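J.: So the chains spell out like this:
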Amino acid sequence: MQRSALSIHTLRNILIQNGFLVVFASFFMVFAVSNPVFLQGDNLLNVVEGSSVLMIMALAMTLVVATGGIDLSLGIGLDFGAAFAVVAMKSYGMDWAGAALVGVLGGAVVGIFNAGLIVGLRMSPFLATLGTFFIGSSVQRIFTNGGGPNSHRQMPQSFRDLATGDILGLPTEVVIAAVLIAVYYIGLERSIWGRRVHAMGMQRSAAIVAGIPVDRILVLVFVLAAATAAVGGLVAAANIRMFTPLSGFSYLLDAIAAVFIGAALHRRGRPNVLGTVAGVLFIGMVTNGLNLMGLDFNLKDALSGIILVVALALSVVQRKLRSAN
Amino acid sequence: MAPDARAGDWKTRIMGLLPLIIFLLLLTYVGTQAPNFFTLVNLGLVLTQSLTVVLVSIGLSAVVMAGGDDVVSGGIDLSIPATTVLCAGIIAVILTNGGGLVLAVVLALAASIVVGTINAVLVTRAGLSPLLTTLAMFVAVVGVNNVVTASKRIDLDHPVITDLRSGTVLGLPLGIMIVAIVTLAAWHLLHRTRWGMHLQAAGGSRDAAAISGLRVDRLVRQTYILAALMGFTTSFFILARGSGSSPGVEDNLMLEMVLATFLGAAFSPRRIVTMWGAVLGAVLVSAISIGFKSMGVDVFWTGLIKGTLIVVVVALAALAQRGGRG
Numbered sequence: 001m002q003r004s005a006l007s008i009h010t011l012r013n014i015l016i017q018n019g020f021l022v023v024f025a026s027f028f029m030v031f032a033v034s035n036p037v038f039l040q041g042d043n044l045l046n047v048v049e050g051s052s053v054l055m056i057m058a059l060a061m062t063l064v065v066a067t068g069g070i071d072l073s074l075g076i077g078l079d080f081g082a083a084f085a086v087v088a089m090k091s092y093g094m095d096w097a098g099a100a101l102v103g104v105l106g107g108a109v110v111g112i113f114n115a116g117l118i119v120g121l122r123m124s125p126f127l128a129t130l131g132t133f134f135i136g137s138s139v140q141r142i143f144t145n146g147g148g149p150n151s152h153r154q155m156p157q158s159f160r161d162l163a164t165g166d167i168l169g170l171p172t173e174v175v176i177a178a179v180l181i182a183v184y185y186i187g188l189e190r191s192i193w194g195r196r197v198h199a200m201g202m203q204r205s206a207a208i209v210a211g212i213p214v215d216r217i218l219v220l221v222f223v224l225a226a227a228t229a230a231v232g233g234l235v236a237a238a239n240i241r242m243f244t245p246l247s248g249f250s251y252l253l254d255a256i257a258a259v260f261i262g263a264a265l266h267r268r269g270r271p272n273v274l275g276t277v278a279g280v281l282f283i284g285m286v287t288n289g290l291n292l293m294g295l296d297f298n299l300k301d302a303l304s305g306i307i308l309v310v311a312l313a314l315s316v317v318q319r320k321l322r323s324a325n
Numbered sequence: 001m002a003p004d005a006r007a008g009d010w011k012t013r014i015m016g017l018l019p020l021i022i023f024l025l026l027l028t029y030v031g032t033q034a035p036n037f038f039t040l041v042n043l044g045l046v047l048t049q050s051l052t053v054v055l056v057s058i059g060l061s062a063v064v065m066a067g068g069d070d071v072v073s074g075g076i077d078l079s080i081p082a083t084t085v086l087c088a089g090i091i092a093v094i095l096t097n098g099g100g101l102v103l104a105v106v107l108a109l110a111a112s113i114v115v116g117t118i119n120a121v122l123v124t125r126a127g128l129s130p131l132l133t134t135l136a137m138f139v140a141v142v143g144v145n146n147v148v149t150a151s152k153r154i155d156l157d158h159p160v161i162t163d164l165r166s167g168t169v170l171g172l173p174l175g176i177m178i179v180a181i182v183t184l185a186a187w188h189l190l191h192r193t194r195w196g197m198h199l200q201a202a203g204g205s206r207d208a209a210a211i212s213g214l215r216v217d218r219l220v221r222q223t224y225i226l227a228a229l230m231g232f233t234t235s236f237f238i239l240a241r242g243s244g245s246s247p248g249v250e251d252n253l254m255l256e257m258v259l260a261t262f263l264g265a266a267f268s269p270r271r272i273v274t275m276w277g278a279v280l281g282a283v284l285v286s287a288i289s290i291g292f293k294s295m296g297v298d299v300f301w302t303g304l305i306k307g308t309l310i311v312v313v314v315a316l317a318a319l320a321q322r323g324g325r326g
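Those protein sequences? They're chains A and U, same order as listed.
The working numbering applies: residue 1 is where the first sequence begins, and numbers increase by one.
The working numbering applies: residue 1 is where the second sequence begins, and numbers increase by one.
Hints in this document: simulated from the structure, not taken from any laboratory.
Because the structure is a prediction, the values reported are computed rather than measured.
All the given hints hold, so there is nothing to weed out.
Capping the alpha-carbon separation at 25 Å, the derived lysine to aspartate or glutamate pairs in DMTMM-like fashion look like this:
(1) U:K152 / U:D163
(2) U:K293 / U:D251
(3) U:K152 / A:D296
(4) A:K300 / U:D251
(5) A:K90 / A:D161
(6) A:K320 / A:E189
(7) A:K320 / U:D207
(8) A:K320 / U:D217
(9) A:K300 / A:E49
(10) A:K300 / A:D42
(11) U:K152 / U:D251
Some chain A residues flagged as far from chain U (calculated, every beta-carbon gap over 12 Å):
(12) A32
(13) V33
(14) S34
(15) L101
(16) L105
(17) N150
(18) D161
(19) V179
(20) R195
(21) V209
(22) A278
Idealized CB from N, CA, C, for every residue including glycine.
Looking at chain A on its own, in the form it has when it is part of the complex:
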C-alpha cells in the first residue's frame, strides 16, 4: 500500500520535474515511428540546419526578453541585414566580408532606432518596436516598389557559403548559430554584464537603485539584438540568393515561443540561452516531423500552431507545479 503510493508520488515527481522532456521525447517517438527517415543522421542534421535562422532570431529575442522587454521589430532587423548585404554585393560589388559587415550594420540601424524610442523617448518596448515594425515594413515596400524580391543569382560563392558551405564537415549556418549560442551564453549567463541584464529584467527599480546603468544596457541590448537578427538575414539571403522583403516577420512568433518555452524550463522562470536552444530545437523537430508525415500543408500549419500552444501551456504548468513542490 505504502509502496505503491510512494511510486505514484515518484512518478508524479518525475513528470513534474521533466514535463517538457517527456513532451519532447513523446513527439520524438511519434515522429520516429511514423516515418523511419526521421531518425536518420542526415535528417536530424536537417532539423538543426533548418532551425539555424530561427535559432539566431530566438537568441536575439532572449536578450531583449531578459531585460523585461520585447522586440516586435526583430524581423525588420533580419530584412535589413539581408537587404543591405544583397545591395552591397549587387550594386557596389563588395566581397562577402564587406557585404556581411554592411548587412549587420544595416540591422543595427533598426536597433539604434528602437533604442532611441525606448531610452530617449521613454516609450514601452512593445509600442516602440510595433512602431518600428510598421515603419520598417513600409520602408521596404517603398524601396522595392511594393515588396518584390531583389534577387542576386550571381552572388559571390564565398557569401553563398554562409548558408551552403561546410566548416569541419558541419554546415556553415549551423556553425554560425553555434558560435552565437556560445557568445550569448557567455554574455548573458556567465558574465557580470549578463547578471545586470537579468537584474534589470527582474526588478527594474531595484537595479537602478543598485547603480546599474539601465539606459546604457537597454541601448546595447536593442542594438545587439537587431544586429544579431541581421546575421540571420545574411544566412537567409545566402540560402535563397535574394532579399525577400518582409520575410523576417514569419520568424517572430516562433522566436518568442522558443524564448518562453525556454523560460518555463528555467528553475526561476527566467529567459535563458540554453532554454531557448531547447525551445528552438523542439519547434524545429515538430516542423520537420510534421513535414515527414506528408500531411496537407494547411493541416500541418494548424497542427504546429496547436502543438505550440500545448507545449507552452505544459511547460508553464510544469514550472508552477515544480515551484509549488
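Following the hints, put chain U in place on chain A, whose structure we already have.
T.: Same frame as chain A, but now just chain U:
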C-alpha cells in the same frame, strides 16, 4: 492662490489632451490638402472602413481594462482577429455548401466561445502570460481556419452579408448603425454596470480588487470570452467588406487593433486604455489613412505613416506627462 491652482488645472488638462490635439491638427491639415475630405460621403467612408477595427478594439480594450495595461504582463488579447477570420471562414464554408444561416452562425459562435475559453483557461488557470497565450492562439486559430477554408478565397453573396455592406436604415448605412448600437451597448456594459466597475477595479489594482472581495480571475476570464464574442461579431463585417472570406486579412486587422487601442490610451488624459479611446483611435486612424490616400500618397507609405503616428503620439504623451509632473 486659487486662480493659480485653477490655471495649473487647465494646463494639466491641456497637457493631457495634447496628443489628441496634435492628432486633430494633423487631421485638419490633411483635410485641407485632400479634396472633399470634410464631406458627408467621406465621413461615411471613414466610418465604414473603421467598423471592423472598432469592433475588435472594443474587445481588446475590455481585456486590457480587466487585466491591467502593462502590455507584457497585463491583459492583452491578440487572438481576436484570428477568431474573426475563423468565424468568417466557418460561415463562408457552410453557406457555400448549402448549409443554412442559422447553422453557420451557431457553429461560428461556438468556435469563438471555444477560442475565448481556451484563452481564459490558459491565462487564469495555467498562468501563462496573456501576450504569449493569445499570440500563440492567434497562430493556432489562423492555422485551423486555413484547414477549414483550405486557404482559399470564398465568395459570398448571401443577402444578409450584402445588406450589411450596402443596406440602409432611415437613409443611414446599416453597417454603421449596427456597430453604433454595439458600441453603445458595450459602453453601457463596461462603464455603466456593476460588472464594468468591477472590471475596471480589477485592472486598476488587482490586489486591492481581490482584497475587497472581487473574483478577479473570473472577471478576467469573462473578458476573454467577451473579446472572442466581439471577434465573432466582427466576422460578419469582414465578410461584408470582402464579399466573402479571404486568407490573410488577420495580420493587418491585428496590427490595426493594437494601433487603435493603444493610440486611444495616449488620447485619454490619464493614458489608460479605455473603450472610447479605442473607438476614437480606430476612427481617427481610418480618417487619416483615407486622408493621405486621397492626397495621392502612395499606399506603400501607409505603414510608415502609422508607425510614425504611434511614435509621435505615444512619445508626446509620455513627454507631456513628464512635463506635467515637473
